[in-house]
Amino acid sequence: MSSTHRAVRRCTTAVVHIADQYICWPDEAKQAEIKNKFKAIKGLPGVIGAVDGTHISIRKPADHPQSYLNRKKDYSIILQGVCDADMTFIDVFVGWPGSVHDARVYRNSPLEEKVSLLPIESHLLGDGAYPLTNGLITPYRDTGRLASEELKFNKVQSATRNKIECTFGMLKGKWRRLKYLDMLDIPCMVDLIFSCTVIHNFVIQREGTHLDDDFDDEDTLQPPNLDVPTRLAFQKRDMLKMSIR
1 MSSTHRAVRR CTTAVVHIAD QYICWPDEAK QAEIKNKFKA IKGLPGVIGA
51 VDGTHISIRK PADHPQSYLN RKKDYSIILQ GVCDADMTFI DVFVGWPGSV
101 HDARVYRNSP LEEKVSLLPI ESHLLGDGAY PLTNGLITPY RDTGRLASEE
151 LKFNKVQSAT RNKIECTFGM LKGKWRRLKY LDMLDIPCMV DLIFSCTVIH
201 NFVIQREGTH LDDDFDDEDT LQPPNLDVPT RLAFQKRDML KMSIR
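1 is the number of the first residue of the sequence shown in the UniProt record's numbering; add one for each residue after it.
Read the hints as simulated data drawn from the structure, not as lab findings.
Among the clues, some could well be false.
Unchecked claim - Straight-line C-alpha distance at most 30 Å; calculated BS3-like pairs for lysine-lysine: (1) K179 - K152; (2) K60 - K152; (3) K114 - K30; (4) K60 - K72; (5) K73 - K152; (6) K30 - K155; (7) K114 - K42; (8) K174 - K39; (9) K179 - K72; (10) K152 - K241; (11) K73 - K42; (12) K73 - K174; (13) K114 - K60; (14) K60 - K241; (15) K39 - K60; (16) K30 - K42; (17) K241 - K39; (18) K241 - K114; (19) K174 - K37; (20) K30 - K72; (21) K241 - K42; (22) K155 - K42; (23) K60 - K155; (24) K179 - K60; (25) K39 - K114; (26) K155 - K179; (27) K241 - K73; (28) K152 - K39; (29) K72 - K241; (30) K155 - K241; (31) K174 - K241; (32) K152 - K37; (33) K60 - K174.
Treat the numbers as computed from the prediction; the structure is a model and nothing was measured.
Starting from the given sequences, assemble the full structure and let the hints guide the process.
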């Protein structure tokens, strides 16, 4: 192990140990504050966060390289993040290989349980790759037959959800090494990626937000989620649709 590698490991380990101080699931009071800020964007109520996944490109791994090959034919590790309206991460889950669909990462992350425990009036926003549930609101699937109200809802939902894309853009803009990790130690890379999200929050708390880079939304390539939502989830999305003026 090189001295540089040892230094990286020491630094990332130290940051991981204090992560809970900077990446926190919001309590009831904080959720109310977040909802107001998200609603101010396009009028969509009840939103406490936006979720998405982004790919961190890596060198071809020595073990099981095909599992890390994503839809763009790059080797990558997936970072799943949830941000608030201030582009602060409130939940981060990192480490799944790039070939895995966003919905599978979500189902195997602690986030799914957190979302299932949200009160009925609260929810995250996700794109069409995610399942529609009471706590995770996704767009109407556009088959070319959507009503005008559904199309309007999709635009509002997308504009509000865009916060997570901006958050990833800011993260990769400030930490340009996340464009490509020329490393082979997967656990070390996972800790490095996670550490960057912790420091991202630390910086925002002190300096505010500033976009340094454009974000290439690779997740437009994700196929739509085909899980069958519950009737209550459909009804909740319809009620949100009607609440938009």
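Tested hints:
no., hint, verdict
1, K179 - K152, "violated, 34 Å"
2, K60 - K152, "violated, 42 Å"
3, K114 - K30, "holds, 15 Å"
4, K60 - K72, "holds, 14 Å"
5, K73 - K152, "violated, 34 Å"
6, K30 - K155, "holds, 26 Å"
7, K114 - K42, "holds, 25 Å"
8, K174 - K39, "holds, 28 Å"
9, K179 - K72, "holds, 14 Å"
10, K152 - K241, "holds, 8 Å"
11, K73 - K42, "violated, 36 Å"
12, K73 - K174, "holds, 25 Å"
13, K114 - K60, "violated, 33 Å"
14, K60 - K241, "violated, 44 Å"
15, K39 - K60, "violated, 42 Å"
16, K30 - K42, "holds, 20 Å"
17, K241 - K39, "holds, 13 Å"
18, K241 - K114, "holds, 24 Å"
19, K174 - K37, "holds, 24 Å"
20, K30 - K72, "violated, 38 Å"
21, K241 - K42, "holds, 12 Å"
22, K155 - K42, "holds, 9 Å"
23, K60 - K155, "violated, 38 Å"
24, K179 - K60, "holds, 14 Å"
25, K39 - K114, "holds, 21 Å"
26, K155 - K179, "holds, 29 Å"
27, K241 - K73, "violated, 37 Å"
28, K152 - K39, "holds, 15 Å"
29, K72 - K241, "violated, 34 Å"
30, K155 - K241, "holds, 11 Å"
31, K174 - K241, "violated, 36 Å"
32, K152 - K37, "holds, 20 Å"
33, K60 - K174, "holds, 24 Å"
In summary, the numbered hints that this structure violates are 1, 2, 5, 11, 13, 14, 15, 20, 23, 27, 29 and 31.
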